[in-house]
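Grab the two chains, each in its own frame, and use the hints to assemble them into the complex.
Going down the list, the sequences are from chains B and H.
What the first sequence shows, in the numbering used here, is residues 1 to 112, in sequence order.
What the second sequence shows, in the numbering used here, is residues 1 to 112, in sequence order.
Mixed in with the good hints, there may be bad ones.
To be verified - Per label pair, the in silico range of CB-to-CB distance:
hint	chain 1	residue 1	chain 2	residue 2	range
1	B	A29	H	T13	39 to 49 Å
2	H	E53	B	A1	35 to 45 Å
3	H	N28	B	Q45	14 to 24 Å
4	H	S73	B	Q45	17 to 27 Å
5	H	D62	B	S14	42 to 52 Å
6	H	E1	B	G41	15 to 25 Å
7	H	V12	B	P7	33 to 43 Å
8	H	S66	B	R69	34 to 44 Å
It should be emphasised that the hints constitute simulated quantities derived from the structure, not laboratory data.
This structure is a prediction, so every number in the text was calculated from the model and none was measured.
No residue lacks a Cβ here, since even glycine has one placed at the ideal position from N, Cα and C.
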Amino acid sequence: AQSVTQPDIHITVSEGASLELRCNYSYGATPYLFWYVQSPGQGLQLLLKYFSGDTLVQGIKGFEAEFKRSQSSFNLRKPSVHWSDAAEYFCAVGEDDYKLSFGAGTTVTVRA
Amino acid sequence: EPEVTQTPSHQVTQMGQEVILRCVPISNHLYFYWYRQILGQKVEFLVSFYNNEISEKSEIFDDQFSVERPDGSNFTLKIRSTKLEDSAMYFCASSELGNTIYFGEGSWLTVV
Chain B
1 AQSVTQPDIH ITVSEGASLE LRCNYSYGAT PYLFWYVQSP GQGLQLLLKY
51 FSGDTLVQGI KGFEAEFKRS QSSFNLRKPS VHWSDAAEYF CAVGEDDYKL
101 SFGAGTTVTV RA
Chain H
1 EPEVTQTPSH QVTQMGQEVI LRCVPISNHL YFYWYRQILG QKVEFLVSFY
51 NNEISEKSEI FDDQFSVERP DGSNFTLKIR STKLEDSAMY FCASSELGNT
101 IYFGEGSWLT VV
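Isolated chain H (complex conformation) (with noise of 0.2 Å):
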């Protein structure tokens, strides 16, 4: 079964630091999601991306967020200068037009 692959699985990176999640949407999914998980909270929307372009943010995803889809296959969210509270699960998801959304296992920040 098809699915979505995200890397690292776990990073740990100092405060400042640039950090880059990448995934790998399944292959004809036309919509793709990041998501983030603080531990012990919800589950929540950072953004929405589709025909190379944001669809939606969320008030989370601030100027320190980006994403990029940089070739046909690859989807990379890339916070500029992290901070401790940035420290999460952030899960990337894709779906086709009008379907289900499919998750990937997660990339988990720390941020010391």
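Okay, chain B solo, but in the shape it has when bound (with noise of 0.2 Å):
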């Protein structure tokens, strides 16, 4: 069965810093890979996702991450983080019929 290790439970970044937040998973087989955001009281909304090709991939507002099979790791990036990235971030690994196991989440506060 896959699972989803996100490590650091919050991280506190000043605004215009750099965000790196980590994900491992253990999956047999090639993983298919997602980052959901979460804002308060909201619902989770797709980052990005890796199913197969270029190791580094774009997400939608200016995140990025990178699938390393060596390291089992997909760390999502941003190089500026703005005051709306506060929120809470969860790594997904999903099977072949796209049933999700998610991580426990990393909550991201951003300082001025």
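Take a look at the structure:
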């Protein structure tokens, strides 16, 4: 069975600084990998996804993520965060039928 | 952009009562899902639905839960006799065959 680990429960970053959120997965086959964002009181919005091909994927809102098979990682990055990026971020891995297993999430706080 | 819509956004119900959560998936999608997120916990898979039948369900999805696609557009989750521990945000989601899962904004269920 697949599993996802997000080692950082909470990250605080200054506005304009770079952000990196870690995600490690455990899955036997080639994984389908996703990052979702959840703003307070809102649903889950897809930021980006990796199915195959280029291991550096671009998403919405200036986010990107890099798939590293050797490290079983799919870390999310943004070069310069905005106050509106304060939210909870979930990494997820999908099975063939796209049932998703989610990580516990990382809460991002942005300070002025 | 097409989206998954859910109603109600928030429902308070008494323990033991039946609850129906409604969802309108994206119109050309073939797979439908329910997930839930208990406050402070991971988003968890409940059930997937394809071709008018359940394709997979989790241990959480016991006999108290059922899903139905009563017409060509709606997808419902019924909880027959709610328990306190059913209090959670319930997310409906849908996907095309072989593609990304899109989530609705969630229905927050409070059982008192």
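Hint by hint, here is what the structure shows:
1. B:A29 - H:T13: 39 to 49 Å: Between A29 of chain B and T13 of chain H, where Cβ atoms are some 41 Å apart, the hint holds.
2. H:E53 - B:A1: 35 to 45 Å: Since E53 of chain H and A1 of chain B have Cβ atoms about 23 Å apart, the given range 35 to 45 Å is violated.
3. H:N28 - B:Q45: 14 to 24 Å: holds (20 Å)
4. H:S73 - B:Q45: 17 to 27 Å: Given range 17 to 27 Å: holds, Cβ gap about 22 Å.
5. H:D62 - B:S14: 42 to 52 Å: Holds, since D62 of chain H and S14 of chain B (Cβ atoms, about 46 Å apart) stay within the stated range.
6. H:E1 - B:G41: 15 to 25 Å: holds (20 Å)
7. H:V12 - B:P7: 33 to 43 Å: holds (36 Å)
8. H:S66 - B:R69: 34 to 44 Å: holds (40 Å)
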